[in-house]
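Once you've looked at the hints, dock chain B against the given chain A.
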Amino acid sequence: MGQTIIEKILSAHSGQEAYANEIVVAHVDFVMGQDGTSPLAIRAFESMEGKEVFDTEKVAFVIDHSSPSPLEGVSALHKLMREFSGSKGFRLYDIGEGVCHQLIPESGKVGPGSLVIGADSHTCTYGALNAFSTGVGSTDLAGGLISGKMWFKVPETIKFVCNGVLPRGVYAKDLILHLIGDVTADGATYMSAEYVGDAVSALSMEGRFTMANMAIEMGAKAGMMEADDKTMAWLARYTDEKFIPVMADSDAIYAAVKEYDVSSLEPQVAKPHRVDNVCPVGEVAGTPVQQAFIGTCTNGRLEDLQNAAAIMKGRKIAPDVRFIVAPASKRIYLEAMRDGTLETLVEAGAAVVTPGCGPCVGTHNGVPSDGENVISTANRNFKGRMGNGNAFIYLASPATVAASALTGKITDPREFIK
Amino acid sequence: MLFQGKTHKFGSDVNTDYIISGKYKFKTLDMKELAKHVMEDLDPDFYNKVTPGDFIVAGTNFGCGSSREQAPLAIKYANISAVLAKSFARIFYRNAINTGLPVVECDTDMIEPGDDIEVDLAAGVIRNKTKGVEIPVKPLPSVMIKILNDGGLAAHFKQYGGFNFD
Chain A
0 MGQTIIEKIL SAHSGQEAYA NEIVVAHVDF VMGQDGTSPL AIRAFESMEG KEVFDTEKVA
60 FVIDHSSPSP LEGVSALHKL MREFSGSKGF RLYDIGEGVC HQLIPESGKV GPGSLVIGAD
120 SHTCTYGALN AFSTGVGSTD LAGGLISGKM WFKVPETIKF VCNGVLPRGV YAKDLILHLI
180 GDVTADGATY MSAEYVGDAV SALSMEGRFT MANMAIEMGA KAGMMEADDK TMAWLARYTD
240 EKFIPVMADS DAIYAAVKEY DVSSLEPQVA KPHRVDNVCP VGEVAGTPVQ QAFIGTCTNG
300 RLEDLQNAAA IMKGRKIAPD VRFIVAPASK RIYLEAMRDG TLETLVEAGA AVVTPGCGPC
360 VGTHNGVPSD GENVISTANR NFKGRMGNGN AFIYLASPAT VAASALTGKI TDPREFIK
Chain B
0 MLFQGKTHKF GSDVNTDYII SGKYKFKTLD MKELAKHVME DLDPDFYNKV TPGDFIVAGT
60 NFGCGSSREQ APLAIKYANI SAVLAKSFAR IFYRNAINTG LPVVECDTDM IEPGDDIEVD
120 LAAGVIRNKT KGVEIPVKPL PSVMIKILND GGLAAHFKQY GGFNFD
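Respectively, the protein sequence lines represent chains A and B.
Using numbering that gives the first Met the number 0, read the first sequence as starting at 0 and increasing by one per residue.
Using numbering that gives the first Met the number 0, read the second sequence as starting at 0 and increasing by one per residue.
The shape of chain A in the complex, shown without the other chains (with noise of 0.2 Å):
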């Protein structure tokens, strides 16, 4: 019988012949927390009575969520962390390194046919990688970092086929947001999703990570992609290790399969406070923004920043807006400081902060006030997400946020295109 993606890398890991629905126990290939989840799962590790962790080479903590810290009280939990892993002996990225979700693929540990937890619910990111990553909580984080091992139930799969040509101005997040407002917020739970079609194919990495990184949107365990030339031109900047790409049988059995034309998608926006609350641009253009952000493990990646950059060049935002940006790593930090999209952003208006998640999570960072409008290029615009919950927070592109950023209010990009 023909597998899919995930049944594969499933079977790989478990030594059993895995399908949709069975439960299996399967070895992990890495294994992350971060400072929002990490805290928990080293008292979950002391109750569990662990002793060392499986593999120090598979095994990470990242300082993301609030870096640097912002309190006392997350100084102490940061503290803990750093006590833990250096006691194991394992590597802890600390302020300033960047979003785990960018970090690890970065770390060249994970690609093809990988099977990894992560304590974040963005750990989906690496199916654009072609690996089977998934979010877990604290005490299974922990019960991972002990074994090596995780229980799964192996997820059916929906598969997007995406054909096509996205049009100018029209980006992998307006792709994912339509698909998330078609599916709706659970439209995918307990499942893998699937990426298939020419219009995926012709994503770059970065627009490919963005896909994967909001499969969770949808409810999904994760966001599946194949492995192409370009998937593994961008494994070998980072690694040496050959990865054998994992493809689904022709004769796979899937949950469903959807299809989708992308050449008349439009700039899409999720509307407050959900993220299945989509629209074309077009129908909230003109809403006024107090405050705008780029950044995130969605789309704070060198080509994120460059998009918004070229629309941005020798521009200024709007005087009463707000403009903050976060690399994603330290190394994008670096290569947009160095091709002069940094120069281009803070010429603007941009005020740059810390590589790291930045105000996504309402730690620190820029906390909007009461009645509020945020444009972002967040993958969750909840209400309080940002740390108020009187705050209205608006998805977008890297290019849609840019824009708005320049007008003050909601604005289509491709005004700003030529």
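To be clear, the hints were calculated from the coordinates, so they are not data collected in a lab.
Among the hints, erroneous ones may be present.
Listed next, the stretches of chain A that the computed footprint assigns to chain B, with coverage defined by at least 3 CB atoms under 8 Å from CB atoms of chain B [said to hold, decoys possible]:
1) 125–139
2) 181–194
3) 378–391
In the BS3-like style, the derived pairs of lysine-lysine whose C-alpha atoms are separated by at most 30 Å in a straight line are [as the list claims (entries may be wrong)]:
4) A:Lys270 <-> B:Lys137
5) A:Lys50 <-> A:Lys148
6) A:Lys257 <-> B:Lys85
7) A:Lys7 <-> B:Lys26
8) B:Lys137 <-> A:Lys7
9) B:Lys35 <-> A:Lys382
10) A:Lys270 <-> A:Lys148
11) A:Lys78 <-> B:Lys75
12) A:Lys329 <-> B:Lys26
Yeah, the Cβ is synthetic: ideal placement off N, Cα and C, and Gly gets one too.
Just chain B, lined up with the frame of chain A:
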């Protein structure tokens, strides 16, 4: 396991930020403190309305959003005995079982706010005493029953030194 209490009802897609906001959860591991802010963005006075043993009842996709285990823990420390919903987001579901918070998939249309109900997990049924109806419960996967019976995943690991589902 048999639980009895009154219900607090919410809609669909109650996300983990609503259960416990990021602005609190990064600060402390004191779950009693976090529990005071549970569901705050949906009902600022929720914590004070709970009588120990009460239930949270919701529509579909309860617990969607982040992987924060503080979400089920904050609910548990707010003295909620179980969460009943039409469906759950998967990470929340795992976290709840791992931390010993019973989560029950069932048709919640026949439950209204303030109803007196009895949740009988052994019999796989919810008895709505106010309405005089019985609601069947969707059974948990056997792996999860094992973890729940062992007292959560930490206790399971402590007992077996790893995963043991044989």
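Hints, one by one, checked against the model:
Restraint check on the segment 125–139 of chain A versus chain B: 6 residues with Cβ-Cβ distances below 8 Å, three needed, restraint holds. With 4 residues bearing a CB less than 8 Å from a CB of chain B, the segment 181–194 of chain A meets the requirement of three and the coverage assertion stands. For a cut-off of 8 Å, the count of residues in the segment 378–391 of chain A with a CB near a CB of chain B stands at 7, and the three-residue condition holds. Of the pairs offered as hints, the one joining Lys270 (chain A) and Lys137 (chain B) is violated, with about 34 Å between alpha carbons and a cut-off of 30 Å exceeded.
In summary, the hint linking Lys50 (chain A) to Lys148 (chain A) is supported, as the alpha carbons are separated by about 16 Å, within the 30 Å threshold. Note on Lys257 (chain A) and Lys85 (chain B): the hinted pairing holds, with a Cα-Cα distance of about 25 Å set against a maximum of 30 Å. Distance hint between Lys7 (chain A) and Lys26 (chain B) is unfulfilled; the C-alpha atoms sit about 40 Å from each other, more than 30 Å. A threshold of 30 Å between alpha carbons decides the hint, and for Lys137 (chain B) with Lys7 (chain A) the separation of about 29 Å falls inside it, so the pair holds.
Under the criterion of a C-alpha separation no larger than 30 Å, the hint pairing Lys35 (chain B) with Lys382 (chain A) is consistent with the structure, at around 18 Å. Only pairs whose Cα atoms come within 30 Å are accepted, and Lys270 (chain A) paired with Lys148 (chain A) is rejected, the gap being roughly 39 Å. Taking the CA atoms of Lys78 (chain A) and Lys75 (chain B), the gap is near 27 Å; set against the 30 Å cutoff, the hint holds. For the proposed pair Lys329 (chain A) and Lys26 (chain B), the alpha carbon gap of about 25 Å is at most 30 Å, so the pair holds.
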